[in-house]
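Following the hints, put chain G in place on chain Y, whose structure we already have.
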Amino acid sequence: MNRQIKNVLLFILLVSTASCSKQVYTADVDTSYYRINYKNKSDKDLDKLIAPYKSQLDAQMNEVIAINPEEMSKSRPSSVLGNWFSDALLEEAIRIYGVDIDMSMQNYGGIRIPSLSKGDVTVGKIYELMPFDNKLVLLELDGPTTKKLFDRIAAKGGWPISHTLSMDIDGEKATNIKIKGEDFDINKTYTVALADYVADGGDDCFFLADGKRTDNDLLIRDIIIDHLKNKSDSEKVIVQDKTIRIKTLKY
Amino acid sequence: MRRRDFIVRTTLSGLGLASGSIPFSVLDDHDITRLTILHTNDVHSRVEPFPMDGSRNEGQGGVSRRATLVERIRNSEDNVLLFDCGDIFQGTPYFNFFGGELELKLMSELKYDACTIGNHDFDGGIDGLHDQMPNANFPFLIANYDFENTILKDKTKPYKIFVQNGIRVGVFGLGIELAGLVPKALYKETQYHDPIEVGNKISKQLRYDEKCDFVICLSHLGYKYRNDKEKVSDVHLAENTEEIDMILGGHTHTFMSEPDIRTNKKGEEVVINQAGWAGIMLGRLDVFFEKNKKGKCVSCKNTYVV
Numbered sequence: 234m235n236r237q238i239k240n241v242l243l244f245i246l247l248v249s250t251a252s253c254s255k256q257v258y259t260a261d262v263d264t265s266y267y268r269i270n271y272k273n274k275s276d277k278d279l280d281k282l283i284a285p286y287k288s289q290l291d292a293q294m295n296e297v298i299a300i301n302p303e304e305m306s307k308s309r310p311s312s313v314l315g316n317w318f319s320d321a322l323l324e325e326a327i328r329i330y331g332v333d334i335d336m337s338m339q340n341y342g343g344i345r346i347p348s349l350s351k352g353d354v355t356v357g358k359i360y361e362l363m364p365f366d367n368k369l370v371l372l373e374l375d376g377p378t379t380k381k382l383f384d385r386i387a388a389k390g391g392w393p394i395s396h397t398l399s400m401d402i403d404g405e406k407a408t409n410i411k412i413k414g415e416d417f418d419i420n421k422t423y424t425v426a427l428a429d430y431v432a433d434g435g436d437d438c439f440f441l442a443d444g445k446r447t448d449n450d451l452l453i454r455d456i457i458i459d460h461l462k463n464k465s466d467s468e469k470v471i472v473q474d475k476t477i478r479i480k481t482l483k484y
Numbered sequence: 107m108r109r110r111d112f113i114v115r116t117t118l119s120g121l122g123l124a125s126g127s128i129p130f131s132v133l134d135d136h137d138i139t140r141l142t143i144l145h146t147n148d149v150h151s152r153v154e155p156f157p158m159d160g161s162r163n164e165g166q167g168g169v170s171r172r173a174t175l176v177e178r179i180r181n182s183e184d185n186v187l188l189f190d191c192g193d194i195f196q197g198t199p200y201f202n203f204f205g206g207e208l209e210l211k212l213m214s215e216l217k218y219d220a221c222t223i224g225n226h227d228f229d230g231g232i233d234g235l236h237d238q239m240p241n242a243n244f245p246f247l248i249a250n251y252d253f254e255n256t257i258l259k260d261k262t263k264p265y266k267i268f269v270q271n272g273i274r275v276g277v278f279g280l281g282i283e284l285a286g287l288v289p290k291a292l293y294k295e296t297q298y299h300d301p302i303e304v305g306n307k308i309s310k311q312l313r314y315d316e317k318c319d320f321v322i323c324l325s326h327l328g329y330k331y332r333n334d335k336e337k338v339s340d341v342h343l344a345e346n347t348e349e350i351d352m353i354l355g356g357h358t359h360t361f362m363s364e365p366d367i368r369t370n371k372k373g374e375e376v377v378i379n380q381a382g383w384a385g386i387m388l389g390r391l392d393v394f395f396e397k398n399k400k401g402k403c404v405s406c407k408n409t410y411v412v
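Here the protein sequences come in this chain order: Y and G.
Residue 234 is where the first sequence starts when you use my numbering, and the numbers rise one by one after that.
Residue 107 is where the second sequence starts when you use my numbering, and the numbers rise one by one after that.
Extracted from the complex, chain G is given alone in its bound form:
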């Protein structure tokens, strides 16, 4: 309930009033819409929880448990979007034996709204990914991979717009450079384009042409790289673009204890979040929108599925 207090507390303190515990119901019939964004990344075929074998993550995660958690949140919130930021595949025998079929079927059951593509999603080859896609009832969003000369031509979209209670949420995907990371025999003729350039272009398009109120990037670029500061990351993306409001990330398996708030080229804030890996964590960000005003994240919580 802290987040509910927060919005009221903030507004009151803006008037110099003392904060107090005030129920959220005062906002119920006001022009505020709450958008609840849930996200996972790098689930790596972790269908079942980690086994109880004394290892570091024993008993954590599990898609079936995540399902009840997501359902509970859906039951209490009006505007829920659920995303995955790539590396759905590879890591347990479920992928080796069934090629990702079960992972995508389960995500469809959980009503994922969209995902992006991670490097390991090519582990069954681009043909393997293609063959599994019909098991997903949600789109694969990727704006900086050009699949023109591959079997995935026209099978992915750069972005999708979700309209929630009149609010237009533009969501696009960005993937990591594949050369040097994924054998070319797996990704074949996929062309990689600079994520900053593409990110800037697409986010502007979403903001100005598509009139989006909020722009979210599903990224598999990685949060940041301590040993390679030049390597493009979510932090680079946030700081070198103009119209991205939120970056949901992956690849670096980063368990964040709070979102990283960066400043974009226009001096506006960009929220970066990531939810560890293996479905141990479900990220949650509540974004509040007021009519005619740009929404900002005022409450973010990351929930552990243990």
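Here chain Y stands alone, though its shape is the one from the complex:
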């Protein structure tokens, strides 16, 4: 650049910064975005560092254990992915505990992928869906505690729940609650299969910590993987249930 112009500009800058003081740097933030497409280069040294870990994982994680006929998304208050997941939990909980169970559920944050894509379902995808080492516990809850749990689900905007349960969300309360086709009865006790994380009081469910509880050492992730692995060849395609199990009432 021409030196003279440069000096003039420098002068202007000095004057302006001196006279405007801090106003020069008003926090009027200039934002721009660079979308770098996947031609973006990888760092070769890092790829080398990753490779031995990756090859160990790939051997186990790339095993295909089911076919998903259509993408299943996770959303509130109710979703196809949530339906599938909590139904699988209920089915397996009944098998594992050898008793009839009224319902199962999963806290919304417990499902860690926004959707299960169409096509091959690998072991690795189930790891990403349920990365936590959560176990499946059985709770026996009195009516008022069960209602607290439903209200918590409502306040959280809806959780994945099994097909045996349905409800409406009215503000932060659960209403029109049906369990196995019958109205919720506050005088009854109910059995619920869910993650130990929630049963321990996680996701603000501290009131569950005193529930009557049966534990099992199996990880939910492994339960789901085995649930899919153990299906016969003719059942490898996931059956989706698009029923809306939780509705949010709007006025």
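Derived by calculation from the structure, the hints in this document are not laboratory data.
These numbers were taken from a predicted model, which means no experiment stands behind them.
Backbone N, C-alpha and C define an ideal beta-carbon position, used for all residues, glycine too.
Any given hint could be a false lead.
Coverage of chain G stretches by chain Y, computed from C-beta distances (three or more under 8 Å per stretch; other residues unrestricted) [what the hints assert, rightly or not]:
hint : segment
1    : 153-159
2    : 191-198
3    : 201-215
4    : 337-347
Just chain G now, kept in the frame of chain Y:
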């Protein structure tokens, strides 16, 4: 190049002159230092890019791609700091099988300058976090967790001061309340302290005792909570403290399209930024400092690693 124009345009318009496209070189030998702050949060063990399987984020992210981007920025800027705001762990089998070892080794390769601790960084237990820490060649900064009665005693620091071209940048960390979020069996005897109280205290200490020119909080509190306005968040932190200049956040996985500028208790501006999650985005903020003057962010860009 827009940011370069911006500083000149602003100064010119301050004199009532028309803005024009003027090369930044006029500033080169002036008393202005540019600090380039890069940040990630909630990478959640996303070592590889999301797989090409038709899902929402397919092909996005990946540490190795982030590395070349960071390197490119380092090559063109003099004063670069790289931070992570927690939840480094958990989300892919890399964590389940290797406990966070690879995540921290990779971050060390990328020359991260510091990180804070997220709730999921306790997912392998406080012992798991302790055991993995030697894989990190950068400090874990956390000011409101008291690890006195845990295995992490003396393994973290509340803050660190970085001196860049004579400018003192104080960086401290704040974590989210663990009770109700993380099983106690995982965080054990970790004591949580009020982030606003601690944030105020530490930032004042950094400003006045440590003479910092710029104070940055690495936060895993979450940007803001629509359904729970009382819950402490980055917005609360910004508005209820006095000496924090910038909050780099996490936890809420917020993809910001521009930083949120809030006003602190003294009426000064605080910049809040967050970079989504999973390493899909790298946040970048360029802060310009003039000698004897408090720097302000004049250019912020968030870069997608696709």
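Structure versus earlier hints - violations, ascending order: Number 4 - this is the single hint that the structure violates.
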